[in-house]
Every structure is written in structure tokens, then in C-alpha cells.
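Asker: Sequence:
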Amino acid sequence: MSLFLLLFPLALGRPGVPTHLKADEAAYYGMALSLGDDGDLAFEQRDVDRLFDEFPYQPINNLILMSADGWRTVHYGKPFTYSLFAAPFARLGGAHGVLFFNMLLLVAMVWMGTLYLRRYNPEGLAALYAGGFFLLSVGFAYVFWLQPEVFNMAAVTACLFWGLPREAGQEGGAEEGLPRPRRELLHAVLSGVALALAVSHKPMLAIVGVAPLWAWWREHRWRQALAWAVGAAGCLALLAASSQALTGTPSSYLGVQRGGFTLCAPGTMPALPTAATPSLPSPSPPVATTTAASSPAAAATAPAGPEAGGGAAAIAASPTRNSYSWLLRLPDTSPSELAANLGYFLWGRHTGLLLYMPFATLSVVLFLLHARRSVVRWLLLGSATAFALFFLLLIAWNWQGGGGFVGNRYFVNVYPLFLFLVTRVRPKTVIPAGYALAGLFLSPLLLAPFGSPGPEPTLQMHVRGIPFRWFPLELTLRNVPGYQRVPLGDFRLIGRREAFLPLSESMWLHGALPVELWLVADRPLGRLAFQVTSAAPHNRVEVRMGDFRRTLALDAGESARVDLPPPRADREWTIKTGRLHAYRLLVTSSRGRPRTWERESPPNSCPGWPWQAKQPDSFYTGVELLYLGSGEGLDADVYGVRWREIVVPTRVRAGEQFTVRAVVRNTSHAPWPNRGGARVRLAYHWLRTARDGRLAMAIAEGERIELPRALAPGDEAPVTLRVEAPPGSGHYLLALDPVFETVAWFSDRVREQVVILPVEVTAATPATPAPTPQPGYR
Numbered sequence: 001m002s003l004f005l006l007l008f009p010l011a012l013g014r015p016g017v018p019t020h021l022k023a024d025e026a027a028y029y030g031m032a033l034s035l036g037d038d039g040d041l042a043f044e045q046r047d048v049d050r051l052f053d054e055f056p057y058q059p060i061n062n063l064i065l066m067s068a069d070g071w072r073t074v075h076y077g078k079p080f081t082y083s084l085f086a087a088p089f090a091r092l093g094g095a096h097g098v099l100f101f102n103m104l105l106l107v108a109m110v111w112m113g114t115l116y117l118r119r120y121n122p123e124g125l126a127a128l129y130a131g132g133f134f135l136l137s138v139g140f141a142y143v144f145w146l147q148p149e150v151f152n153m154a155a156v157t158a159c160l161f162w163g164l165p166r167e168a169g170q171e172g173g174a175e176e177g178l179p180r181p182r183r184e185l186l187h188a189v190l191s192g193v194a195l196a197l198a199v200s201h202k203p204m205l206a207i208v209g210v211a212p213l214w215a216w217w218r219e220h221r222w223r224q225a226l227a228w229a230v231g232a233a234g235c236l237a238l239l240a241a242s243s244q245a246l247t248g249t250p251s252s253y254l255g256v257q258r259g260g261f262t263l264c265a266p267g268t269m270p271a272l273p274t275a276a277t278p279s280l281p282s283p284s285p286p287v288a289t290t291t292a293a294s295s296p297a298a299a300a301t302a303p304a305g306p307e308a309g310g311g312a313a314a315i316a317a318s319p320t321r322n323s324y325s326w327l328l329r330l331p332d333t334s335p336s337e338l339a340a341n342l343g344y345f346l347w348g349r350h351t352g353l354l355l356y357m358p359f360a361t362l363s364v365v366l367f368l369l370h371a372r373r374s375v376v377r378w379l380l381l382g383s384a385t386a387f388a389l390f391f392l393l394l395i396a397w398n399w400q401g402g403g404g405f406v407g408n409r410y411f412v413n414v415y416p417l418f419l420f421l422v423t424r425v426r427p428k429t430v431i432p433a434g435y436a437l438a439g440l441f442l443s444p445l446l447l448a449p450f451g452s453p454g455p456e457p458t459l460q461m462h463v464r465g466i467p468f469r470w471f472p473l474e475l476t477l478r479n480v481p482g483y484q485r486v487p488l489g490d491f492r493l494i495g496r497r498e499a500f501l502p503l504s505e506s507m508w509l510h511g512a513l514p515v516e517l518w519l520v521a522d523r524p525l526g527r528l529a530f531q532v533t534s535a536a537p538h539n540r541v542e543v544r545m546g547d548f549r550r551t552l553a554l555d556a557g558e559s560a561r562v563d564l565p566p567p568r569a570d571r572e573w574t575i576k577t578g579r580l581h582a583y584r585l586l587v588t589s590s591r592g593r594p595r596t597w598e599r600e601s602p603p604n605s606c607p608g609w610p611w612q613a614k615q616p617d618s619f620y621t622g623v624e625l626l627y628l629g630s631g632e633g634l635d636a637d638v639y640g641v642r643w644r645e646i647v648v649p650t651r652v653r654a655g656e657q658f659t660v661r662a663v664v665r666n667t668s669h670a671p672w673p674n675r676g677g678a679r680v681r682l683a684y685h686w687l688r689t690a691r692d693g694r695l696a697m698a699i700a701e702g703e704r705i706e707l708p709r710a711l712a713p714g715d716e717a718p719v720t721l722r723v724e725a726p727p728g729s730g731h732y733l734l735a736l737d738p739v740f741e742t743v744a745w746f747s748d749r750v751r752e753q754v755v756i757l758p759v760e761v762t763a764a765t766p767a768t769p770a771p772t773p774q775p776g777y778r
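Take the sequence shown: its position 687, counting from 1, is numbered 687 in this note's numbering, and each next residue is one higher.
Hints were generated in silico from the structure; no laboratory data involved. There could be a bad hint or two in this list.
What the hints assert, rightly or not - Pair ranges (Cβ atoms, derived):
#	residue 1	residue 2	range
1	A696	E724	48 to 58 Å
2	G439	R527	39 to 49 Å
3	A448	E724	14 to 24 Å
4	T667	S590	21 to 31 Å
5	L330	R527	38 to 48 Å
6	A206	D38	49 to 59 Å
7	T551	E600	50 to 60 Å
Backbone N, C-alpha and C fix where the C-beta goes; we use that ideal spot for every residue, glycine too.
Starting from the given sequences, assemble the full structure and let the hints guide the process.
Answerer: Following this line, the structure appears as C-alpha cells:
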């Protein structure tokens, strides 16, 4: 198995697997190449070219750079420890060499876990459990990330493997030729050094050292405890000195300015806050943009200096201020939000410990069965809990690992700790239970570690499977890729991109599967009304919210109004701005039909790459959903209007577009809403006088015009209507008529509300006379 795993990365085609750099990979992999080829961490033109040699298919985003001297010199802006160890592999094999290094670390963890469990169990049982623990977890997916998660996992594993003293009768090992005191000193030093390597990336991992230190101290082995501390401190000091020599600063987080940049093409450099620097030769004009969080490029012409440029702005805009000082701030959450996040942490759809690390749960069970009297292991479990609470308390919106994550990217660093909770693997049935859970939840990640194909693909494609629908969506998190958040009326609507397509006021929902939508509001919702329109014939549609359920049988194009009674919130939590209420809406259609729509892409800030502002796309639509508003609002009598100061031309050309200015007043006893599917908008009709003297409709519906704001009873606002003249010449009447969308025209309820203005439409093209005010008549 070890041979298979080690050869796996070497058999991948290159370039192209993976096809692009994600999350923080650009910085970590760039550092590995720079250390391997150049022996430094300076960011130069050749660094850009090397990255594009392997990843030529799109711009390289989120390259974190730093400067300690006001951007006169520029270095990579991430801790370099992982990249230093990966540098020889990057030099020999590029990105696949780094994947091989990651897999080597994973295999080493399996062997260390097996050797540890063999102290308490038969060899075969130890290997089965250790293999399942490390290979059947989300940690396996991070082998294929060119950043330090697996490195940190291996460092934690080594720390505990060497740092937990052997119990009576467990002598031996690779160093059994050494006398026991020397062997224990060597183990203690290696344990401290290993943890220090991980701490250089994640200072919070220092909590893992509590258990081995206490274990040495408890047994009055002062020399071993001191050796552990000296090993850890010495390693950290050596790393700081190396960073000082390579970058001019002992840490990439302290006393520097940092920002994220986009590399557009080989041969070009990203724009930096100084126009030119000796360390950044640019053969061509600088061409680059920055990510949303990277304002340095915005200050390309700023004067040099310690506070110059956008680096300081990037620090100020970051929730962690790109500095380790954020570790010392106060908790930033509420009890209700913390309770919700704890549930998500344990069994959340994208982050849950049970789903992504099933052997962690089994290890806790085995610990409670066989090792619950071990103080050292209680300290280990407490360390894991403290590590999790640190992120849950301080970054409640981002504790899972930021925009780039699979499972819980932060917590995976401490995952190996759970293995060392285990002593005896009894009953043996826990092993097939662990393998079964991994098959149910992790198989998509294990079989497709680079990501699965599909519509609107993300790294979280696996959650579209049936098992994940049983688990809650993490509504408190800010960055969960693959979801759309659309303001709608008095709430925000959240749904998966491939199943929920908002287009103007309506929403298309995917056919032939259940579509989950979440309504999140800052106050309890009352009655809600939706219009459901089928896109497919013979469609059976079910709408569910809370205890409410309604089933509709609709043909293609048929619509039905669904009134939802005041729902009870499925989830509630408190944030800084107040209390939030979340409601789950489930819409299931039995059939669907492909419909075309126009996808709009944001401008491509990197020249030379293909880009289309708009392009056709398809969506397999089951139903079209339109939010009409609150049930009470739909029954309101809004049908009272007064027009004044109307300015309209008396003569226009056929087909000409012109404007009508007026002041409109709400004379009803109900407010006019200006948001939601059911809202008041201004419109018009064209009328003509028939031979019998009656008014006949020439054009039934003109362009809708939005109100500038919601109008309370008695309130008024100036408006401008865009009007298109009829295509034929003649004497017409322009009828100004508001409409309560999806409910009724004002003229249908109170005919006297419409204002009629005579306009002559000519076929010739004389100059249009200036508009003159008309009193209008009813």
C-alpha cells in the first residue's frame, strides 16, 4: 500500500493535474521553487515564469507577498518551513514532486500510527486501524494541496509518537541500541522539534505540547522535559533566524505589509506600491491586478516608505490584520452563535467532524472505553477542544478555513491527536464501522481528490450527494463556495448555484430533485406568498416549509399561488447587528425541461485571456418561483393614486422613445412596496378611439418603471417614465396606470385612477416640439 500511494502522484500527467493553484498554494509552491532553484525567498520575474511553466491555463490568483521596507523589496508572504522541506522535491519534480512529498508524509503517519498502536494491539489490527485513520479522512484530500496541512499533521504525529513516554513493557524501537536515558532524551528533543515545525505555521498548535510535557514532568523526568522545551525553542529560534536571513524579518506576519496579488502572464510582474524597485526587474510594463483583499496594486504610484502603498490598507481590511496580533483579541461571537457553530463543527454538511473524520469519533469512543483513566489522554482531548474553540470563538464566521477548504481545513492540522487517544482497539467492529462511514461520506473526496466535474463545480461538489442532505447547512459561515445569497424582500435567500438560479425577479429551480432554499431575516417572518410556475408538462410540485406542505399538479406554463402561514424559525442566532432567523423552504418537482439563459461574467482584468461578457447557458428547470410578498401585503388596498405636474410631448414620431415626467402620490391607506415580486410599479397603455366612439386598447402593456422608494400613504415622489410610441401614425391616448404586480392594475380596481393624455403620432420626421405641461383628464 505504501508503494502504491507513493507512486500515485508520480503517475499524474503534467502540466495540468491539478490544473490551477488554489487557496494559498501560489505562495507555498512559489517559495518551494524559489528555495530549490534560487536559494532565496525574494519574489522576482523568474518566479512568475516558473509558476506559469506548470500552470499555464489561467491567471494565478491570491499570491501572498510581503515587504518589510515599504515595498522596496518584496518577498513571499507566508511561513516558509513547509516550503523549505518541500524544496528538494519541487526542484526535482515540480508540483508532482511536492505531491510525492505530501504522500510520503502521509505514509510516514500511517507507519507511526501503526507502530504506536502495536504497543497495545496485534500488528494486523494496529495497521488496519492506523491505515483507516489516516487514509480514510479528509486529510487524504489535503495530500493534493500544495500547502502545509499534511506537513502540520505529520509534525503533530511525530511530536506525540516520540513525546508520549512508553509504558511499562513497551521498550524497543528504532533506537533500541541506545541506552534508555539517551533514547528518551533523543525522543524528547525530536518531539519538541517536530511540534515547533508545525507551530511556525499555526502558533495555536503549541497547545499540543501540553500532553508530552506533562507526561515527562509527571514522572519526574526533568531532563527529558527540559530537552523537549530546548528542542522546541531551539527549532523556533533557528527558523526565525533563517527567516531573518532570507527575508529581512523573523516572521512573515510581524512588522510587514502583506497583500494578495494576481499574476496575469509570464513575462509580466504584478503592479506594486512603488513604481520601480531594484529587486523587481520588469522587461515589460507591469500588468496585474489584485484580489478583492489585495489593495497593494491599487497604490501602484504611491510614494515609497514604511506606510506607503496599499499594503497598510490590506492589513487594515483583513479581519486578522495579517498579523499574529489577532491571536490576542477578545472572543467575537455570541452564545447562540457559538452553540450553532459547535453543532456545525460536529456534524455540519461541509465541516462536520463525524462526516470528514469518522475515525476521530471512533477514537474518542475507544478512549472512553479503555483509556479514560489516562490523564495524558484527557490532556490530549482537552488540547483538541481548545484548538477548536480558539477558532470558533475568535473567527466565528470563518472557523472552517476560509474560502479555500474541504471539511475543516484548520482542524485537520490537529486531527492526528485523536489516534493517540486510543490504546486497545476493542471491540474489533469499530474498524469496519469506520470504513463504512468513510465509504458513505468520503468516497467522492478519496476517489476524486482534485475535485469532481459537474455544473457550477466547487471543491465541495461531494455535498450534493444524498447522505449530506441529512446534515445541516452552515448558515453562520461567510465563505461556503457554491452558494448564492440573494436579497429578496425582507430576507436573504440562500441556495446552491446548480439548483437555484435567480433571474431578475423570478428564480428557476432545478427539476426532478429537491431544492433546498434558506430564508434568513433579521426579524420573524409573517405570511409569505409565492407564485409557482411549472416549466415542464405533467409536473408534480411539492412545497414544504416547517409543518406546511402543499402539492400541486401543474402543466407546462401553469401557475399557482402558494400562501405559507407564518413559519417557525428552524434556526436562530445572534450576531453584532442583532438576531437572525432562518427558515428552510424545500421545493421538489417531479420533472424538468432545459431552458436557456444568458450568463454574465465579470470583466477579465488580465489581458490576453479569453473572456465573454455574456454567453448562453442552459438550466434544467422544474419550476419558476416568484416571491410575491407577505400575505398581508397582497390583500392590502393600495389602489389610490394622484398624478400631478405631468410633462409629456404632444407630438412624437412612430416608434420613438421619449420620457414623461410627473409627480406621483400614494392616496391609498396602504404603503406601496417597491421590492419583491408583488410591488407597485408605474406603467402605461396606448388607447385609440374606435368608430363607435369607445376607447379601444392599442397596446396593452408598456414598460414598467420602478418607484424610486417605497411610498407610505400620503407620500409622493417625482418619477420619469420611459415610453415608446406606437408603430403606426394617428391620434392616440397615453394612459398612465400603476400596477400592483401579480395582483392587479390600478385601473382594474378603480377605473377612475388612470390618467389619459392625448398624443399625436406622426409618420414623418419633423422636429419634435418641446414638451409642454398638460393638465390631463380622466
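Asker: Can you give the numbers of the hints that this structure goes against, from lowest to highest?
Answerer: Result: hints 1, 3, 4, 6, 7 break, sorted rising.
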